[in-house]
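*Asks:* Okay, here's what each chain looks like letter by letter:
Number of protein chains: 4
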Amino acid sequence: MIIVMETRDKKDIDRVVAKIEEFGYKAHIIWGVERTVIGAVGDERTKGRLLSLESLPGVEKVVPILKPFKLAGRELISEDSVFRVGDAQIGGDRLFIVAGPCSVENREQILETARIVKDGGGTALRGGAYKPRTSPYSFQGLEEEGLHLLQEAREATGLPIVTEVLTPDQVGLVEEHADILQIGARNMQNYALLKAVGKTSKPIVLKRGMMSTINELLMSAEYVMSEGNKQVILCERGIRTFETETRNTLDLSAVPVLKKLSHLPVMVDPSHGTGHWDLVIPMAKAAVAAGADGLMVEVHPRPEEAYSDGAQSLKPARFRQMIEELKPLMSIVGKTLQEIP
Amino acid sequence: MIIVMETRDKKDIDRVVAKIEEFGYKAHIIWGVERTVIGAVGDERTKGRLLSLESLPGVEKVVPILKPFKLAGRELISEDSVFRVGDAQIGGDRLFIVAGPCSVENREQILETARIVKDGGGTALRGGAYKPRTSPYSFQGLEEEGLHLLQEAREATGLPIVTEVLTPDQVGLVEEHADILQIGARNMQNYALLKAVGKTSKPIVLKRGMMSTINELLMSAEYVMSEGNKQVILCERGIRTFETETRNTLDLSAVPVLKKLSHLPVMVDPSHGTGHWDLVIPMAKAAVAAGADGLMVEVHPRPEEAYSDGAQSLKPARFRQMIEELKPLMSIVGKTLQEIP
Amino acid sequence: MIIVMETRDKKDIDRVVAKIEEFGYKAHIIWGVERTVIGAVGDERTKGRLLSLESLPGVEKVVPILKPFKLAGRELISEDSVFRVGDAQIGGDRLFIVAGPCSVENREQILETARIVKDGGGTALRGGAYKPRTSPYSFQGLEEEGLHLLQEAREATGLPIVTEVLTPDQVGLVEEHADILQIGARNMQNYALLKAVGKTSKPIVLKRGMMSTINELLMSAEYVMSEGNKQVILCERGIRTFETETRNTLDLSAVPVLKKLSHLPVMVDPSHGTGHWDLVIPMAKAAVAAGADGLMVEVHPRPEEAYSDGAQSLKPARFRQMIEELKPLMSIVGKTLQEIP
Amino acid sequence: MIIVMETRDKKDIDRVVAKIEEFGYKAHIIWGVERTVIGAVGDERTKGRLLSLESLPGVEKVVPILKPFKLAGRELISEDSVFRVGDAQIGGDRLFIVAGPCSVENREQILETARIVKDGGGTALRGGAYKPRTSPYSFQGLEEEGLHLLQEAREATGLPIVTEVLTPDQVGLVEEHADILQIGARNMQNYALLKAVGKTSKPIVLKRGMMSTINELLMSAEYVMSEGNKQVILCERGIRTFETETRNTLDLSAVPVLKKLSHLPVMVDPSHGTGHWDLVIPMAKAAVAAGADGLMVEVHPRPEEAYSDGAQSLKPARFRQMIEELKPLMSIVGKTLQEIP
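Chains as they are written, first to last, in the working numbering: chain A, 1 to 341; chain B, 1001 to 1341; chain C, 2001 to 2341; chain D, 3001 to 3341.
By construction, these hints were calculated from the structure, which means they are not laboratory data.
Only pairs whose alpha carbons sit at most 20 angstroms apart, straight line, appear in this in silico DMTMM-like list of lysine to aspartate or glutamate:
{"no.": "1", "chain 1": "D", "residue 1": "Lys3260", "chain 2": "B", "residue 2": "Glu1060"}
{"no.": "2", "chain 1": "C", "residue 1": "Lys2067", "chain 2": "B", "residue 2": "Asp1278"}
{"no.": "3", "chain 1": "C", "residue 1": "Lys2315", "chain 2": "C", "residue 2": "Asp2119"}
{"no.": "4", "chain 1": "C", "residue 1": "Lys2011", "chain 2": "D", "residue 2": "Glu3305"}
{"no.": "5", "chain 1": "C", "residue 1": "Lys2195", "chain 2": "D", "residue 2": "Glu3143"}
{"no.": "6", "chain 1": "D", "residue 1": "Lys3070", "chain 2": "B", "residue 2": "Glu1060"}
{"no.": "7", "chain 1": "D", "residue 1": "Lys3199", "chain 2": "C", "residue 2": "Asp2169"}
{"no.": "8", "chain 1": "B", "residue 1": "Lys1260", "chain 2": "D", "residue 2": "Glu3034"}
{"no.": "9", "chain 1": "C", "residue 1": "Lys2259", "chain 2": "A", "residue 2": "Glu6"}
{"no.": "10", "chain 1": "D", "residue 1": "Lys3067", "chain 2": "B", "residue 2": "Glu1034"}
{"no.": "11", "chain 1": "B", "residue 1": "Lys1026", "chain 2": "D", "residue 2": "Glu3034"}
{"no.": "12", "chain 1": "D", "residue 1": "Lys3067", "chain 2": "A", "residue 2": "Glu245"}
{"no.": "13", "chain 1": "A", "residue 1": "Lys260", "chain 2": "D", "residue 2": "Glu3245"}
{"no.": "14", "chain 1": "A", "residue 1": "Lys11", "chain 2": "A", "residue 2": "Glu34"}
{"no.": "15", "chain 1": "A", "residue 1": "Lys67", "chain 2": "C", "residue 2": "Glu2006"}
{"no.": "16", "chain 1": "A", "residue 1": "Lys259", "chain 2": "D", "residue 2": "Asp3278"}
{"no.": "17", "chain 1": "B", "residue 1": "Lys1070", "chain 2": "D", "residue 2": "Glu3034"}
{"no.": "18", "chain 1": "C", "residue 1": "Lys2010", "chain 2": "A", "residue 2": "Glu75"}
{"no.": "19", "chain 1": "B", "residue 1": "Lys1061", "chain 2": "A", "residue 2": "Glu245"}
{"no.": "20", "chain 1": "B", "residue 1": "Lys1260", "chain 2": "D", "residue 2": "Glu3006"}
{"no.": "21", "chain 1": "D", "residue 1": "Lys3067", "chain 2": "B", "residue 2": "Asp1009"}
{"no.": "22", "chain 1": "C", "residue 1": "Lys2195", "chain 2": "D", "residue 2": "Glu3144"}
{"no.": "23", "chain 1": "A", "residue 1": "Lys259", "chain 2": "D", "residue 2": "Glu3325"}
{"no.": "24", "chain 1": "B", "residue 1": "Lys1061", "chain 2": "D", "residue 2": "Glu3075"}
{"no.": "25", "chain 1": "D", "residue 1": "Lys3259", "chain 2": "B", "residue 2": "Glu1006"}
{"no.": "26", "chain 1": "B", "residue 1": "Lys1047", "chain 2": "D", "residue 2": "Glu3034"}
{"no.": "27", "chain 1": "C", "residue 1": "Lys2335", "chain 2": "B", "residue 2": "Glu1324"}
{"no.": "28", "chain 1": "A", "residue 1": "Lys195", "chain 2": "B", "residue 2": "Asp1169"}
{"no.": "29", "chain 1": "B", "residue 1": "Lys1070", "chain 2": "D", "residue 2": "Glu3006"}
{"no.": "30", "chain 1": "A", "residue 1": "Lys61", "chain 2": "C", "residue 2": "Glu2075"}
Since the structure is predicted, the reported quantities are computational estimates derived from the model, not experimental observations.
Only chain A is shown next, with the shape it has when bound in the complex (with noise of 0.2 angstroms):
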């Protein structure tokens, strides 16, 4: 921590240094030419409870200098994380696409979508059975119904499951039916379901919060990752901006950033950072140059009829052309396409 000062009077300084060193830190004076700034020496990630010191007379502002982050480091891990599910890997030199509907709407729907997405190519089956939803009049998902659907997908095409759970209560029955838990945008920052995921074995989808920064991504994951779960992967999906051509802007720069800062997998999901289908091809496409690890979209049999997310869906022969599009990209960027037996 740096505290920057207003004045240069002797008193209010020796007051901040008093506190630093009662808080158990080493001051350390620099005498500026026209402001005095006092370094707190001492392990840098206890240091929240020197910000109050900003109540202090004299003092301008305190400026914390170290990431806040261990687990999800790159200073105790430098290599890049590799998880397994079934015959998946993550991260790596695999590329890992997620694909499926937005919700589980019924029997039909998830099998055909599971179909699709394994004769396409992808990866692992995404679909929603606990809906978060803006308004308590929307569906809000089949619930423990719609685990049992993205069961029998799984046995139907072999495609590991990646499902959200929205509640610490629910962690228990979600792992015992999905692969992968997915952590949603609006719960970044829930912290007991951070924990909660965290005790269990599988690997987290944590997307991204729409108004949340790169730091406070990995503050979230060093939560799981702080009560035993290391298999924390990371999904940009689009940040809220003045912008309105776009549901989100997907903020592609967060993959160069999260993979120098971390070593855990990124992935991004152009189908909620651009809110439309048209941008979910140019957009994944981009997503792999910039080095993502996965990629995670939207795939539904009739767009037009999807309970929800139709307008950012892809049709069936849509997600068959990204597909098609990324293999020559994927050989330029050292990856290779995970094939499902």
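Go by the hints and put chains B, C and D onto chain A.
*Replies:* Here is chains B, C and D on its own, set in the frame of chain A:
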């Protein structure tokens, strides 16, 4: 819903009309000079599925017309809602001032603060027992012990207690100890939690998410209300923008907008809204002038030692100054300070 | 400047220290537990080049410490600046209220509005002669003729004239006809224009860009002042965010932040800030409560016929109501309404 | 335009209909279950005034339907535009790569960089002679001398020159010396400047403002084109968001959105878009994969000594690496690198 067509192609238009009718609405075409628009007439609030028509050929965009909330809106209930908690009134002609520390840190601290709040003229005591912290390594609150200390503070001062609840399974315990339950900004779209507090009989302070629109805030209120609990207090606490001089950007325009759209009481939290103690008083005054029904401010006996949020906490003398400066303002806006006997 | 090192590698640190000294500053190293930081001591305001050190190996980031403005800041001039225009005072104990239409549309309209503003209690008349419009096909203003009509309105009412200038070569003509020159939000970083108005002797209303930080606003004021013109009036008019219920998000916290950082008068424009006439009065009151020295509001005799901005314009009766509601508030904040004889 | 009524009150509706007809449009009413909407049929692009109807009693909002651009849009010109500058082609099947320093600093630096760009495979040389700097105390460019040095660099290498123009009265001089004129992000809505470059015969690189929507970018292109100059190259360079790990948030979705809405070539500037040299290569690749027609990157022989933007400038070796990594990608997207003899 209004469906804007990209083309004037009859086949495309017929296809959209057919779908609208299949979903149970009446289609109404306006042939424009360059664009054709199709209105879908019927109950707007169930029209979510029509958004998926954007995936049909020839459709440029689908534009919702009606606000999607009912219970939170002015259409069913046009009068301002007023709630009561013990001797305190929330909404109407009283200004409701909740004050206290970010976290309950220990017995002494919370009792001392409760006394300061009571003597200064505050209406209720806030204090976090369960704390949602960005870092898993930060102080997470005293939890159940914190609830007991808050109860003790109420017994000592008569102030009603406002405290945050983080998970559905905490709701019972917190409801037992607190007078008002708070849903924090990060949980504004934690729908399971909204439903859980919707089943209690205590008023709910619902904080606007830092990434949430005014519409989404009202839809989250709708979640609580649709479970039976009509006592929702909306709280603006700052949204995220590019500006870094303040911790968040306090969106005071949300006050008159919310008062126009909804009958629910509206509070403002200038502490989180600005992040700096020296901005709290001016923004508290601005909030009252804009028509707010209440304020939530952080007060700490010794902010520089606070476990969290010290930089934005008022010292006791500043809190008293705030109340004094608010008094003449209240008389102008037709409100009086709620006195707690 | 503080240079934060990624490593503790001596060679990297020596290289940074050498560059700091080569650029004429003193380097001061703090060896931390995990990070080493290097302070560069010397005149902070000329240190821009040190930012480029981020490209050296081992450097994580470069953090500026000092605010980069001088003339606009409180350090050289701690007293609030007060300007005079004819009989009107801007800043200090007077509230300065500029009102009028978005555009000067014709003689009748501007004379009628001037009378409304004068009778209602406004201090100055605004009206655009040169209009910066998003579309080249929209009404671009009456240009020079508009300036003549504004002058006529001043002669008829005694109200000083505020009007926008768009290019450096218009400055002379506008200066001749207007009492106060306005730099619009889109031109806040049009540095050639800032320098041009910096050479005039008329007060400048400098509107904050819709995605400009408070710091950048003050740096733009610095441009004007560094050319000799010290009469800059800062104007908050809403910034761009994700919220769509309002045209912009009026950042009222900017008022106390600007008053803390700068001695210049601060105005607020609740018309552009909200985009809806029914939000103008509450936000005008909030602005005054927050400490604003003035207001700029749009008034039109028949808003529904306005060439531009009708949706956010006050009708005459509403304008009078606003002034009436502001009067008791002014007495609380220690200001009185400027009367124009 | 669609006018959404708050009420079903016939008097209010009649009033709106009368105004619509008075302004020369046809009104078309859809009576909904809870809302009535009124369509105004006629040339959408001249309908700006209808927005003012929002101030009439009973009107909830006015919703524009049609995109307001003509010349920049796909409706009149559906084929992709391709421009030529000397031997270079912009748009179509060639990738156009502009590279060079932020500022022209001296003869040696610009000639050395020009050689690096030419040898590395760049198509054009960029370099600022007139610099828009946030601070009046920063280096403002070599001005006319800078233009001469750029010309010398062109003579030495054959590379066309791209340089920024800041004011209408510089346009003549810059047009004389440069091959392509650049409008910087801060000037995207400097309409006088847009009109001035619209009268030249040189291609214009129009950078998206950091606060500007995609729509506004196209409207600014429309300004240039409506003056006669149809050679506008759109450039995405990052928008402002809450994220601070990157200088701006590069909005790559803007590439396919712009390609869909407009026939104009689209470039991406990953240097300003990210602010960090180590993010430039991945984002350059992502941009090309997303369909960009060109790139603009900052290159400096010794970034740590750059007068400005050193942190985001590529060293010569990195620039060559970028081109090498782009080559296989180009063949996938069907483009080849433009060679300059």
